[in-house]
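Colleague: Model the placement of chains B and C on the given structure of chain A, informed by the hints.
In case you want the letters, here they are:
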Amino acid sequence: MSKLQLSNDGNIKHLLTTEGLGRDLIHKIFDLAESFLNVGNREIKNVPFLRGKTVCNLFFENSTRTRTTFEIAAKRLSADVINLDIDSSSQSKGESIFDTVDNLISMGSDIFVIRHPEPGMPELIAKHVGDNVHIINAGDGNHAHPTQGLLDAFTIKKFKDRFDNLSVAIVGDIKHSRVARSEIHALSTLGVPDIRLVGPSEFMPTDMGQLDLAIFENMENGLKNVDVIMMLRIQKERMIGSIIPEDEKYSERFGLRKKHLLVAKKDTIIMHPGPMNRGVEIDSDVADSKQSVILAQVTFGIAIRMAVMSMLIGKNI
Amino acid sequence: MSKLQLSNDGNIKHLLTTEGLGRDLIHKIFDLAESFLNVGNREIKNVPFLRGKTVCNLFFENSTRTRTTFEIAAKRLSADVINLDIDSSSQSKGESIFDTVDNLISMGSDIFVIRHPEPGMPELIAKHVGDNVHIINAGDGNHAHPTQGLLDAFTIKKFKDRFDNLSVAIVGDIKHSRVARSEIHALSTLGVPDIRLVGPSEFMPTDMGQLDLAIFENMENGLKNVDVIMMLRIQKERMIGSIIPEDEKYSERFGLRKKHLLVAKKDTIIMHPGPMNRGVEIDSDVADSKQSVILAQVTFGIAIRMAVMSMLIGKNI
Amino acid sequence: MSKLQLSNDGNIKHLLTTEGLGRDLIHKIFDLAESFLNVGNREIKNVPFLRGKTVCNLFFENSTRTRTTFEIAAKRLSADVINLDIDSSSQSKGESIFDTVDNLISMGSDIFVIRHPEPGMPELIAKHVGDNVHIINAGDGNHAHPTQGLLDAFTIKKFKDRFDNLSVAIVGDIKHSRVARSEIHALSTLGVPDIRLVGPSEFMPTDMGQLDLAIFENMENGLKNVDVIMMLRIQKERMIGSIIPEDEKYSERFGLRKKHLLVAKKDTIIMHPGPMNRGVEIDSDVADSKQSVILAQVTFGIAIRMAVMSMLIGKNI
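Residue numbers (our numbering), protein chains in the order written: chain A, 8 to 324; chain B, 8 to 324; chain C, 8 to 324.
I should point out that these hints are in silico values taken from the structure, not numbers from a laboratory.
Any given hint might turn out to be false.
No distinction is drawn between identical chains; accordingly, a pair holds when it is met within one copy or between any pair of copies.
[To be verified] With a straight-line Cα cutoff of 35 Å, these simulated DSBU-like cross-link-like pairs (lysine-lysine) come out:
1) Lys-167 / Lys-35
2) Lys-322 / Lys-266
3) Lys-164 / Lys-134
4) Lys-266 / Lys-297
Bear in mind that the values here come from a model prediction, so they are computed numbers and not experimental data.
Isolated chain A, as found in the complex:
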């Protein structure tokens, strides 16, 4: 997997997963993102890095929010952006996804941002395309969402400066979460010594045995002395008919409340990938507290996506 992502000169060629991304490479992305953060504070926020390039947002799963972050990042780099929500167009006419991609490449697309319900589809597409075309995985089933993982790690770096002394708790349905997977791989590579997964046992992953992860079924224990609390979004649609049938029950056991902050470190930060279900996985007074860095994550997400797109196209400043 990691080989497919990297070009011969060690740069990223595609971004499919945070798994196997080297620590140096991640820090290189962070450095570039940092420079774009400064751009974001200027009067004119646009830079010409991707002028004349075409970024194609190819979403086989509806997500206005995520698409918008990539759209804004690409436009700030002066790219031309094409948004394609595929449901009713080519796919409904029976064309294969590879034909769709080949056509868009022939039209001149340089970068594809792909969201697809099927795990591994962005990788399949990356294998299919030629050398001058770059794939960003914007979420594939429960597999990976690498820009989210990177922006979350970048957020931690911005607030905590270093990784090698941190305790980080990830709370929720880790098993079905591409966000959690991408976070765990990024933080693990960056050297976080204490990564804790908190949630009901049915929500714990079974495929990450090689990593040193601590598992907690109790919030108070799991959050004890942590520096960072990363909440996951509860997929309500997934809860229906599942083993944990009711919002209230889940919320009571694993929803983040003010009282939980008492067991964590005093300067712990609270993260959430959004959109939040207030009152379900996170209480409003926590989400809006001073310790919450949830909106900072969004701002950093634009900078991270600008950095990734620039590096894919070979512009490292």
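Modeller: Only chains B and C this time, still in chain A's reference frame:
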């Protein structure tokens, strides 16, 4: 309300309603719009006033036409434009509108153009956001549609030059019309001495008692010697099951026909905010007559929206 | 028809059909497209020909693929692009198509790219608009799809260099195909001496008697010694309940298979306007073979559309 719209230096900070906007401020917007009209006639119609700024069209009610006018105005100012029709995305995932707005601000949105079915929602959002973010109300329920009110007043200025000697008739369902409300407040502030409301009594507003408005239930009387006839769009969907059940009946009593022009001034102009129901509230031979300035309204609307966006961002030429 | 398309100085004013377009004019478009192809290979693919111009994609029939080609072409020319899929907006509010167009012109639209299910609608609109507004027919019922016809002819020129010694076979439902009609008129004007139509007799056109076309109901005969095979897309939706009820039967008789290439010239090229129904009108091993120029068509299509838009606006380099 007016305080929320104005910054300390007397400039507009948000545009939520024409009510309470000062006469000088409106003329300032008109002057800027005039300069953009000239730009619109040049070979290259774009200017760099909003380069590097992001305008977010946040429409909670479908209106391709209105959104397009803001999109064109913003692009002509060189802004990056994000279109969000909210139905199926964040809102359907249960996120609050404030969270949606906060996220888009964190992504770097500078101006929000908001249409919402609920009166007052753009004001609530304006109260919520920080100093560097600006809200334009693009229609909130039956409350206000200030850019429409301003462009209509600007159209009158272009054709009649002054306001203090005019008779203006507004015809239709005033009660439920945000367009009419915004027109009435703008024209009243600009000094139109004779504003007439024409329509069935059930369609007359009950909340504008403080203004000096003449009410007519008869077209011939209402249009006698007027300089300007402003027709409103009939909301067919609203007519169903209402007190005036049939198109024909309403059209017979309050549809604008050629014969009505005989009672108005010879050089009266005819206006309509569009889209028109030809044969219902306006006959085709009137809509397409020389006295019709309906398409000029559209052109002026782009200039007015460019002027408002520029002023919000602090660019007054 | 041809008069409506041409301005007094012999330039194109609208592009409604390939029928009646002069040979010189087509070659002028090809020359300009050729220069844009070179631009497409540069680091920065954009040129400022349409800076400050607004291109409005007005699609009354859903086609993400075709719209995207025009969107990319327009953006590469630095135009502002407005995408309007009309279903639910103005049309549903009962506004006429002419009112919609007039409004968009008043907003400053310079070029309309129009797809409409009704044959002749783009021509009606071209008759309606003023001198500074230009219409491109992007497909009107079974009438015409002129940019597709031109890009197909351009593709042949790129691979075969000249037209006056070619045998070209068009295979499929010619009768209902706007693509086929536009191809036939373009190739006929360009001097292709041998144009063959291949398909069941029910799919042969009845309105092209003035042209010298050979008709074949048998693939082996129709493809004998041809230089170019142009496959048409089978409209599955049109097949239902038609005289040729089953995919398999049609595919067996008229689907392009490897064996058919044996009867054609050795260097025959294979074309398809996309999206393909692999295994129906074309086998995958043929579509992906070295002789297939299907993706080249897509690349050339961007260049042709850039050329047409530039010429409409009076920029011929």
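Colleague: All the hints need checking, so say for each whether the structure fits it.
Modeller: Okay, the hints, checked on the actual structure:
{"no.": "1", "hint": "Lys-167 / Lys-35", "in the structure": "within (18 Å within a copy, 49 Å between copies)"}
{"no.": "2", "hint": "Lys-322 / Lys-266", "in the structure": "neither (46 Å within a copy, 48 Å between copies)"}
{"no.": "3", "hint": "Lys-164 / Lys-134", "in the structure": "both (32 Å within a copy, 33 Å between copies)"}
{"no.": "4", "hint": "Lys-266 / Lys-297", "in the structure": "within (15 Å within a copy, 67 Å between copies)"}
Hint violations for this structure: number 2 only, all remaining hints satisfied.
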